[in-house]
Amino acid sequence: MPLMEIKDLRTSYFTPDGTVRAIDGVSLRLEKGHALGLVGESGCGKTTVALSSLKLLPSNARIVEGEITLDGENLVIKTEEEMNKIRWKRISLVFQGAMNALNPVFKVGDQIVEAITTHNRSIPKSNAVERTRELLALVGVDPSRAQDFPHEFSGGMKQRAVIAMALSCDPDILIADEPTTALDVITQARILELIRDLQTKLGLSLIVITHDLSLPAEICTEIAIMYAGKIVECGSTNSIYSDPMHPYTKALLGAFPSILGPIRRMETLPGFPPDLRSPSLGCRLQPRCPIAEDQCKEKEPELVEVKPGHYVACYKA
Amino acid sequence: MDETLVVQDLEKRFPLSRGFSSIFGKSEWVHAVNRVSFTIKKDEILGLAGESGCGKTTTGRTVLKLFEPSGGKILFEGHDVTNLKPKAMKKYRPHMQMVFQDPYRSLNPRQDVMSILSLPIDVHGLAPSRSEKLEMIMAALDEVRLHPPERYVYKYPHELSGGERQRIALARVLVLRPRLIVADEPVSMLDALVRTTVLDLLLELKKKTGFACLFVTHDLALARYTCNRIGIMYLGKIIEMGSKDDIINQPAHPYTKALISAVPVPNPSARKVQIKVKGDVPSPTNIPPGCPFHPRCPYADARCRNEQQQLVRIEADHYVACYKHDLI
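Protein chains in written order, with our numbering: chain A, 6 to 322; chain B, 27 to 354.
Just so you know, these hints were derived from the structure itself, not from any lab. Some hints here could point you the wrong way.
[Said to hold, decoys possible] Quick list of simulated restraints, FRET-style, between CB atoms:
1. A:F111 <-> B:P135: 28 to 34 angstroms
2. A:D13 <-> B:I313: 33 to 39 angstroms
3. A:P275 <-> B:S214: 42 to 48 angstroms
4. B:Q276 <-> A:G276: 37 to 43 angstroms
5. B:N109 <-> A:E198: 46 to 52 angstroms
6. A:D175 <-> B:D128: 35 to 41 angstroms
7. A:T24 <-> B:M140: 32 to 38 angstroms
8. A:S149 <-> B:G104: 53 to 59 angstroms
9. A:R269 <-> B:D327: 38 to 44 angstroms
10. A:R126 <-> B:M140: 56 to 62 angstroms
11. A:E198 <-> B:K233: 36 to 42 angstroms
12. A:D13 <-> B:R156: 55 to 61 angstroms
[To be verified] Derived lysine-lysine pairs resembling DSS-like cross-links, with alpha carbons at most 27 angstroms apart:
13. B:K99 <-> B:K113
14. A:K206 <-> B:K304
15. B:K68 <-> B:K91
16. B:K91 <-> B:K116
17. B:K304 <-> A:K112
18. B:K270 <-> B:K283
19. B:K111 <-> B:K99
20. A:K206 <-> B:K302
21. B:K91 <-> B:K302
Nothing here was measured: the structure is a model prediction, and the numbers come from that model. Even glycine gets a Cβ: it sits at the ideal position worked out from N, Cα and C.
Looking at chain A on its own, in the form it has when it is part of the complex:
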């Protein structure tokens, strides 16, 4: 049994301009100790997947259909009280823009202590302070810096502190939403190294959400590519990189200039992602797809296993 499984999830935002079907039938599975990369452009629904799995959606959004199971238990039907036992203790989330997730008027250490005591009321303050020092050391920040305010931290240190906070209740699953965006290359490489270390040290299972396809190559075991609220391709990291089959995956891979190999012309897709209030009938990529045919306009392709463990939703793959 996978540790966490998402089955045919549909989440919509209800806006005055209509219903935005941000996630429209997404299925994912995360095995224990694995790292899943969820990749797509902005607006494809990847962050909504993270928020849905913790039921932290904004008030105008709702899970319309589907199941999210953790060790076989369905989270979708759980009450807010029951979810509070799961948030941070089983699944925790490093928010996007973590650099701004720290409160500027409280000391970094106090904010981590607060996270610990909120989720575990019985723990004495002194133990929480001790735990905070341990956590900071674990993520490679000098524990004496717990007395500093967020503005005294560099971007990389803030990111480390937020990761420490997410680890405060020993979660099984860590969801990292764009963990390295807005950091520069050297800091980024070191944060990735930290995440890799933590994963082996603590036996964490990871979901890494990113728009940058080169990131999961460094840390993930499996990758799922999202486009317009759907998974268009998923499989093992090696399989996706060595044999990408969906035209969207190919376009994403082709759009990144590489530091290695010959300089090639970057290729891209014309146009923009569809309006999720009224997506077209057929394949959602079809208006932008270089190899689309008539059948792509009429019926949406299903995810099909084309190689063991490698799924693609494209008629022409």
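With chain A held as given, fit chain B onto it using these hints.
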């Protein structure tokens, strides 16, 4: 005139404290740009790369005199513009332009595309009549591939996507036919697929209209794709400069090597050797003596801690500031 821009020993310092302490105590300065020299030829793109806080953006802005330089010289097409007052500078403004990083903040949300593009034309009095102005605006929109132009002229920024906004920002610059463009991380806020189209557009327009470009970026893979030459900055100094092939394939400075090895590669089987750098960038108020990189450098010795190496030429067009470049 082959060299569009010549920068010699450019310096920019910012005062750290104002008020009483600056009158009585010794005033502290942030040395954002510290004796930086480079040239950019016509039709050439020079990349400036480095970590955040290395002074690359300040260099770009000072070159355009958006900051007053604290020292050194800036020659634009042979004319010394270093100490020109804003009024005298206006003559050069249409020829020296800037594209900003964030198209969500660089366009006025209360102005439509027509007003945004009219402003530079009006300020520099380029269009004798209204109809000619309209023609110029339409041509500029057409150039940046916003087709058909009629559909875009009356739109407001919030109705446009990130890629479309950055094209408007490009059009606003190109309508002046500048001969020097400073592009400050022009695609870092955009999605991968859009990024490609905007970069290709920039390269294509350079071919068509011909300009020199200073391309500020933290992404070396992007610099390699876009630029002819690359300069690597660290704590306000250029520590290595050369053709993009020299820099990417034969980096000589340990910092350049570390930067290159930190770039993630979209290929899990191509794991590279990681060169580890210790600690964080020191504060630019308190630049370490000797080589600014020595506290983080795995190869530093006593000489590196005390003496500062200047840029020396190691190949035809490849300069590096490191005593130990041939040993490592």
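> Hey, A:K206 versus B:K304, does the alpha-carbon distance stay inside 27 angstroms?
Replying inline: Judged against 27 angstroms, a Cα distance of about 22 angstroms means the pair holds.
> Does the hinted range 28 to 34 angstroms hold for A:F111 and B:P135 at CB?
Replying inline: holds, 33 angstroms
>> Between the alpha carbons of B:K68 and B:K91, is the straight-line distance 27 angstroms or under?
In response: holds, 20 angstroms
> Between B:K91 and B:K116, does the CA-CA distance stay at or below 27 angstroms?
Replying inline: Judged against 27 angstroms, a Cα distance of about 11 angstroms means the pair holds.
> Holds or violated: 36 to 42 angstroms for the Cβ distance of A:E198 and B:K233?
Replying inline: With Cβ atoms ~41 angstroms apart, the hint holds.
> For the pair A:S149 and B:G104, does the Cβ-Cβ distance stay inside 53 to 59 angstroms?
Replying inline: holds, 55 angstroms
> Would the pair A:K206 and B:K302 pass a check requiring their Cα atoms to be no farther apart than 27 angstroms?
Replying inline: holds, 21 angstroms
> Measuring from beta carbon to beta carbon, are A:D13 and B:R156 in 55 to 61 angstroms?
Replying inline: holds, 58 angstroms
> Do the beta carbons of A:D175 and B:D128 sit within 35 to 41 angstroms of each other?
Replying inline: holds, 39 angstroms
> If you draw a straight line from the CA of B:K270 to the CA of B:K283, is it 27 angstroms or shorter?
Replying inline: Status holds; Cα separation ~13 angstroms.
> Would the pair B:K91 and B:K302 pass a check requiring their Cα atoms to be no farther apart than 27 angstroms?
Replying inline: violated, 37 angstroms
> Does 46 to 52 angstroms hold as the CB distance between B:N109 and A:E198, or does it fail?
Replying inline: holds, 47 angstroms
Going down the numbered hints, you'll see the structure goes against 2, 3, 21, while the others check out.
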